[in-house]
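Student: Protein sequences, first through last, are from chains A and B. Numbering follows the working numbering, in which position 15 of the first sequence is assigned residue number 15; successive positions increment by one, without gaps. If you count the second sequence from 1, you need to add 209 to reach the working numbering.
Among the hints, erroneous ones may be present.
[To be verified] Calculated pairs, DSBU-like style, for lysine-lysine (alpha carbon to alpha carbon, straight line, at most 30 Å):
hint : chain 1 : residue 1 : chain 2 : residue 2
1    : B       : Lys259    : B       : Lys275
2    : A       : Lys66     : B       : Lys259
3    : A       : Lys66     : A       : Lys50
4    : A       : Lys196    : B       : Lys405
5    : A       : Lys66     : B       : Lys275
6    : B       : Lys275    : A       : Lys50
[To be verified] These stretches of chain B come out as covered by chain A in the derived footprint (C-beta under 8 Å, 3 or more residues):
hint : segment
7    : 256-262
8    : 282-294
9    : 311-325
10   : 346-360
11   : 363-369
12   : 381-388
13   : 411-417
Since the hints were derived computationally from the structure, they do not count as laboratory data. Using N, Cα and C, we set each Cβ at its ideal position, and we do this for glycine too.
Protein chains: 2
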Amino acid sequence: MTTEHLPEAGPASTRGRPRDTTRDRALMEATLAVLQSHGYSGLTTAAVAKEAGVSTATLYRRWRSKEHLVVGAARTWAEELGPDHDTGSLRGDLAALLHDKAHALEGPSGRLLRAVLGEAAHNRALAEVLFTDFVVPLQGRVSALLERAARRGEIDPVEEPEVVGELVIGPMVSHTYLIPHTPGPGPGPGPQMADKLLPYLLRALGART
Amino acid sequence: MTTEHLPEAGPASTRGRPRDTTRDRALMEATLAVLQSHGYSGLTTAAVAKEAGVSTATLYRRWRSKEHLVVGAARTWAEELGPDHDTGSLRGDLAALLHDKAHALEGPSGRLLRAVLGEAAHNRALAEVLFTDFVVPLQGRVSALLERAARRGEIDPVEEPEVVGELVIGPMVSHTYLIPHTPGPGPGPGPQMADKLLPYLLRALGART
Numbered sequence: 001m002t003t004e005h006l007p008e009a010g011p012a013s014t015r016g017r018p019r020d021t022t023r024d025r026a027l028m029e030a031t032l033a034v035l036q037s038h039g040y041s042g043l044t045t046a047a048v049a050k051e052a053g054v055s056t057a058t059l060y061r062r063w064r065s066k067e068h069l070v071v072g073a074a075r076t077w078a079e080e081l082g083p084d085h086d087t088g089s090l091r092g093d094l095a096a097l098l099h100d101k102a103h104a105l106e107g108p109s110g111r112l113l114r115a116v117l118g119e120a121a122h123n124r125a126l127a128e129v130l131f132t133d134f135v136v137p138l139q140g141r142v143s144a145l146l147e148r149a150a151r152r153g154e155i156d157p158v159e160e161p162e163v164v165g166e167l168v169i170g171p172m173v174s175h176t177y178l179i180p181h182t183p184g185p186g187p188g189p190g191p192q193m194a195d196k197l198l199p200y201l202l203r204a205l206g207a208r209t
Numbered sequence: 210m211t212t213e214h215l216p217e218a219g220p221a222s223t224r225g226r227p228r229d230t231t232r233d234r235a236l237m238e239a240t241l242a243v244l245q246s247h248g249y250s251g252l253t254t255a256a257v258a259k260e261a262g263v264s265t266a267t268l269y270r271r272w273r274s275k276e277h278l279v280v281g282a283a284r285t286w287a288e289e290l291g292p293d294h295d296t297g298s299l300r301g302d303l304a305a306l307l308h309d310k311a312h313a314l315e316g317p318s319g320r321l322l323r324a325v326l327g328e329a330a331h332n333r334a335l336a337e338v339l340f341t342d343f344v345v346p347l348q349g350r351v352s353a354l355l356e357r358a359a360r361r362g363e364i365d366p367v368e369e370p371e372v373v374g375e376l377v378i379g380p381m382v383s384h385t386y387l388i389p390h391t392p393g394p395g396p397g398p399g400p401q402m403a404d405k406l407l408p409y410l411l412r413a414l415g416a417r418t
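Next comes chain A alone, as it looks inside the complex:
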């Protein structure tokens, strides 16, 4: 995979007076808000500038096109999975990852992902940033926890950790995006599905109990 067509993630210029990070943050929050309500096609830089309370000139000094702005937002709201950590068991590691994923999908990164998934079908720069910033970190945590489990003797070494990655990311995504949920008390649909998936995943991996 190349990144040659990828716009820079950063602002158009870093020279001159110090960056106003409050404005950058406001612009990224505004981009997410406009994406959620209008989608990629319906997003205009004017609408984002208005939502953020800045002039379009200010926006263009930081992001030189609509595409740069949205790719920048995708990076800003990249999957907030949190760091990999060793809980001491495959069950604990997998449960932590599933719950981190559920949390991420219900937060800004999940809302951003959902809002731009359609556009990424024919927007290579966006598809690449989704892969790099959303899929790769999850696949990295999956590989790390599988290696630890194999070292502990809980499972045999896994030859294709990316298939296990799909088994973790996929059901959480489809459950969050495809099943209509009625808000209510108690844990949301993501954490509930995380708990239900866990025993299936442990058996799929041939975990020795």
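Given chain A, put chain B in place with the hints provided.
Tutor: Structure of chain B alone, referenced to chain A:
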């Protein structure tokens, strides 16, 4: 789940002279094409009418709003999973379902689903038709194949077949929508992932070999 807010799927009127089904088909194909290139927010009935080669008056006689048009398209392009069929084994039934799903995701239904997934986050009618026409048929096939496998003694009865459904639908969706694929010879990414998932799913179900 209620359907009280769901627009009718059919045309605005079925009275008068016989329907021109060629035009209906052209309008549904045009809706999918415009959705793919412009997303829900960027779709206008004028653009769909132009793409289909009909007047906007003709379009409005059949679909009385943009929302009706898109919900109608979602139903027209509902998951083409094909019928459930008994291959004689859990392995065969699951493989057939995974490959049918891979095929559907790469066809019009998969492209439609991807194009409207973002909009469905805040459009209840669309979310409901996606659930009814995309999720429910797959869950039905999963339940049927699990029951047959339990009757054959291949697995214990499954208490929550919808969790298994997520394990089938989810990785296929995430793999198709989130991993950038370079077109090439041989089977596409969906069928390849279907084959890789199969042994994990059989183990997850505790299939007796």
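Student: Could you tell me which of the hints above the structure violates, numbers in ascending order?
Tutor: 7, 8, 10 and 11
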